[in-house]
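Residue numbers (this note's numbering), protein chains in the order written: chain C, 40 to 285; chain Y, 40 to 285; chain L, 40 to 285.
It is worth saying that the hints were derived from the structure and are not from the lab.
Treat the hints with caution; some may be incorrect.
It does not matter which identical chain is used: a pair holds within one copy or between any two.
Said to hold, decoys possible - When the alpha-carbon atoms are kept at most 30 Å apart in a straight line, the in silico DSBU-like pairs for lysine-lysine are as follows:
#1 Lys166 x Lys230
#2 Lys50 x Lys199
#3 Lys50 x Lys267
#4 Lys199 x Lys41
#5 Lys267 x Lys246
#6 Lys230 x Lys246
#7 Lys166 x Lys41
#8 Lys166 x Lys199
#9 Lys267 x Lys230
#10 Lys230 x Lys50
#11 Lys246 x Lys115
#12 Lys41 x Lys230
Quick caveat, the model's predicted, so the values are computed rather than measured.
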Amino acid sequence: MKIHETALISKDAQIGRNVEIGAFTIINAGVSVGDYSTVGPFCELGVPSTNSSVSSLEIGSRSLIRSHSVFYSGSKFGAQLNTGHRVTVRENTIAGNNLQIGTLSDIQGDCLIGNYVRFHSSVHVGKESNIEDYVWVFPYVVLTNDPHPPSEVRLGVTLKSYAVIATHSTILPGVIVGSGSLVGAHSLVAKDVVEHTVVSGVPARYKCDASTILLRDGTGQPAYPWRKHFNRSYPVEVTERWLDET
Amino acid sequence: MKIHETALISKDAQIGRNVEIGAFTIINAGVSVGDYSTVGPFCELGVPSTNSSVSSLEIGSRSLIRSHSVFYSGSKFGAQLNTGHRVTVRENTIAGNNLQIGTLSDIQGDCLIGNYVRFHSSVHVGKESNIEDYVWVFPYVVLTNDPHPPSEVRLGVTLKSYAVIATHSTILPGVIVGSGSLVGAHSLVAKDVVEHTVVSGVPARYKCDASTILLRDGTGQPAYPWRKHFNRSYPVEVTERWLDET
Amino acid sequence: MKIHETALISKDAQIGRNVEIGAFTIINAGVSVGDYSTVGPFCELGVPSTNSSVSSLEIGSRSLIRSHSVFYSGSKFGAQLNTGHRVTVRENTIAGNNLQIGTLSDIQGDCLIGNYVRFHSSVHVGKESNIEDYVWVFPYVVLTNDPHPPSEVRLGVTLKSYAVIATHSTILPGVIVGSGSLVGAHSLVAKDVVEHTVVSGVPARYKCDASTILLRDGTGQPAYPWRKHFNRSYPVEVTERWLDET
Numbered sequence: 040m041k042i043h044e045t046a047l048i049s050k051d052a053q054i055g056r057n058v059e060i061g062a063f064t065i066i067n068a069g070v071s072v073g074d075y076s077t078v079g080p081f082c083e084l085g086v087p088s089t090n091s092s093v094s095s096l097e098i099g100s101r102s103l104i105r106s107h108s109v110f111y112s113g114s115k116f117g118a119q120l121n122t123g124h125r126v127t128v129r130e131n132t133i134a135g136n137n138l139q140i141g142t143l144s145d146i147q148g149d150c151l152i153g154n155y156v157r158f159h160s161s162v163h164v165g166k167e168s169n170i171e172d173y174v175w176v177f178p179y180v181v182l183t184n185d186p187h188p189p190s191e192v193r194l195g196v197t198l199k200s201y202a203v204i205a206t207h208s209t210i211l212p213g214v215i216v217g218s219g220s221l222v223g224a225h226s227l228v229a230k231d232v233v234e235h236t237v238v239s240g241v242p243a244r245y246k247c248d249a250s251t252i253l254l255r256d257g258t259g260q261p262a263y264p265w266r267k268h269f270n271r272s273y274p275v276e277v278t279e280r281w282l283d284e285t
Numbered sequence: 040m041k042i043h044e045t046a047l048i049s050k051d052a053q054i055g056r057n058v059e060i061g062a063f064t065i066i067n068a069g070v071s072v073g074d075y076s077t078v079g080p081f082c083e084l085g086v087p088s089t090n091s092s093v094s095s096l097e098i099g100s101r102s103l104i105r106s107h108s109v110f111y112s113g114s115k116f117g118a119q120l121n122t123g124h125r126v127t128v129r130e131n132t133i134a135g136n137n138l139q140i141g142t143l144s145d146i147q148g149d150c151l152i153g154n155y156v157r158f159h160s161s162v163h164v165g166k167e168s169n170i171e172d173y174v175w176v177f178p179y180v181v182l183t184n185d186p187h188p189p190s191e192v193r194l195g196v197t198l199k200s201y202a203v204i205a206t207h208s209t210i211l212p213g214v215i216v217g218s219g220s221l222v223g224a225h226s227l228v229a230k231d232v233v234e235h236t237v238v239s240g241v242p243a244r245y246k247c248d249a250s251t252i253l254l255r256d257g258t259g260q261p262a263y264p265w266r267k268h269f270n271r272s273y274p275v276e277v278t279e280r281w282l283d284e285t
Numbered sequence: 040m041k042i043h044e045t046a047l048i049s050k051d052a053q054i055g056r057n058v059e060i061g062a063f064t065i066i067n068a069g070v071s072v073g074d075y076s077t078v079g080p081f082c083e084l085g086v087p088s089t090n091s092s093v094s095s096l097e098i099g100s101r102s103l104i105r106s107h108s109v110f111y112s113g114s115k116f117g118a119q120l121n122t123g124h125r126v127t128v129r130e131n132t133i134a135g136n137n138l139q140i141g142t143l144s145d146i147q148g149d150c151l152i153g154n155y156v157r158f159h160s161s162v163h164v165g166k167e168s169n170i171e172d173y174v175w176v177f178p179y180v181v182l183t184n185d186p187h188p189p190s191e192v193r194l195g196v197t198l199k200s201y202a203v204i205a206t207h208s209t210i211l212p213g214v215i216v217g218s219g220s221l222v223g224a225h226s227l228v229a230k231d232v233v234e235h236t237v238v239s240g241v242p243a244r245y246k247c248d249a250s251t252i253l254l255r256d257g258t259g260q261p262a263y264p265w266r267k268h269f270n271r272s273y274p275v276e277v278t279e280r281w282l283d284e285t
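This is chain C alone, in the form it adopts within the complex:
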């Protein structure tokens, strides 16, 4: 266990075995950090929440939280959480295993996130979002929730498994993006996206079936479903299962 001497760790936090904690990091009461995890410098974990009845924050084992990140109380993450720098995660975020949250991403809380989800840098996840397993979201994407801002109405976005949202796109309130679909870069998505299709534009319209896009790597193989050719940072048991699918 390597806890930097300048870190401020509450005596009511639970720090697992072989955990590393960086300089100047603050870990408040009610936080548990799983075994073999690393928390970088300048973080604060367990910021007290006024909007949650839950005062704990659970970080699964073998996680990596990079510097300057802020997590509120009232959330729970499975094993192998991996964040960039300066992420913000508000209360009532419930996530599965192997979530990646890129640098500067801002998770507003009150949301469900599946297993093996990938948020690249600067992703904004509005409250009431529901994100299934193996989803990818790229920089400056916004998942909205208020159909006529400002109001108290919350219609969260749903991203089904294996969906991909390319950079700089906005998903309007209540939209469901179907499994395996691709939202092209810089799109405004105002209605549901049929599974395994590609939409793009402002507003986004159907462009083609995802399976008709070919990899620009010289092989001429289909680019989608992406899990047939892309396996970086997934465990072997997942990628072997993908290859066995027919």
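We have chain C; now place chains Y and L onto it with these hints.
Frame of chain C; chains Y and L shown alone:
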């Protein structure tokens, strides 16, 4: 008064009564923090400015500045300033009471901001912006100012009272958005917006009068003017006045 | 030399003459900071990289790195690097002299950056980007690299000398923006941009030759080439050469 022992407070700063200051926060000379305010950890207030003749920074009473935020000298805020994490506010920002600045927002300075203004996360406010009372601005909105970048010409944006700019929109230099108007998500606004109307698109065009949009809460009431149904985080004297308006 | 007493400086870092280092900043082994440079508080320089064979980080002389910034090992910067707050620079970023990186910008690494390049706030530079001298990039611009995300294919963006990318634009993988061209705000650029032209829209299309846009400063002079009227923050030897060009 609870000032963390690791905070670095200049002897030439003025700290009001019952102020809390978090761990590792730096407060420089010339800063005044009003009574009953809280400043989170990892902040720096009063960064010396080379572009301002004013060396002071005034934070009104009952304010909350969250962690990792940076404020330059040469700005002034009324009571009840409330910020998210990692906001940046440059010199010559003059703001009224009850301003909210969301996480990661970037206020470039040389701007005027009224009372009860709401910036959500990741709002970019260019120099020479003029923002009236009760305005709302949502994530990844950019208020520009240079009509042919890069140049020394500055044509700031004006947002009139009660205007709402939805997420991911860009307002071009010199544009005036009228009182009570709504700019839809992901729009590029190149010309002035008539008051109480809705515009959207790239470039943005007139869509409808704001009053024709209905709340999606089952009541069938109009969604605009929003102050007739939305009152979260405003003081009672404001919201009672709104309800009394005819 | 003014190194704050709370800064954590590795004995294997090389700190030049007359360097200032702010409170709570971490400088790791293998970092060299050039003479007369300033590093603000809450930074970490030389974050160990798992993706680079180079364990050093070189910051040229007379540089200014503002607070809360993070630089990985494996990069090299010429003299007079100037950053905003909270920038992130990953490994294998090779940059010339007088680079400006605005607040919250996110440089993903594996990229080449020329001399006198200007990134405003919140610029996202994808891997394999190639940015020539005197380029300007404005807030929330994304330089992408993956033609069918997620994949292992990398087609970086090229921005030729004096090109300007206005705010909130996305440049798709492999696109080349020609010398002296302007991409208008809020555009999606899907194909190469001819030099000295203006493109805009979603998708971006040719609008006019850059030289036909006039300065809105009352002079009626052309706004482009911008180097004929704009010289802020460049050294005199550069701006005199620009004026001598015919």
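Cross-check of the supplied hints:
1. Lys166 x Lys230: Classified as within; 19 Å inside a copy, 32 Å across copies.
2. Lys50 x Lys199: neither (40 Å within a copy, 50 Å between copies)
3. Lys50 x Lys267: neither (47 Å within a copy, 48 Å between copies)
4. Lys199 x Lys41: Answer is neither: 39 Å inside a copy and 47 Å across each miss the 30 Å cutoff.
5. Lys267 x Lys246: Classified as within: same-chain Cα gap 22 Å, cross-chain 41 Å, threshold 30 Å.
6. Lys230 x Lys246: both (14 Å within a copy, 18 Å between copies)
7. Lys166 x Lys41: This pair counts as neither: shortest intra-copy Cα distance 35 Å, inter-copy 33 Å.
8. Lys166 x Lys199: both (17 Å within a copy, 28 Å between copies)
9. Lys267 x Lys230: both (28 Å within a copy, 28 Å between copies)
10. Lys230 x Lys50: neither (49 Å within a copy, 57 Å between copies)
11. Lys246 x Lys115: neither (38 Å within a copy, 42 Å between copies)
12. Lys41 x Lys230: Intra 50 Å, inter 50 Å, cutoff 30 Å: neither.
Against the hints set out earlier in the document, violations occur for numbers 2, 3, 4, 7, 10, 11 and 12.
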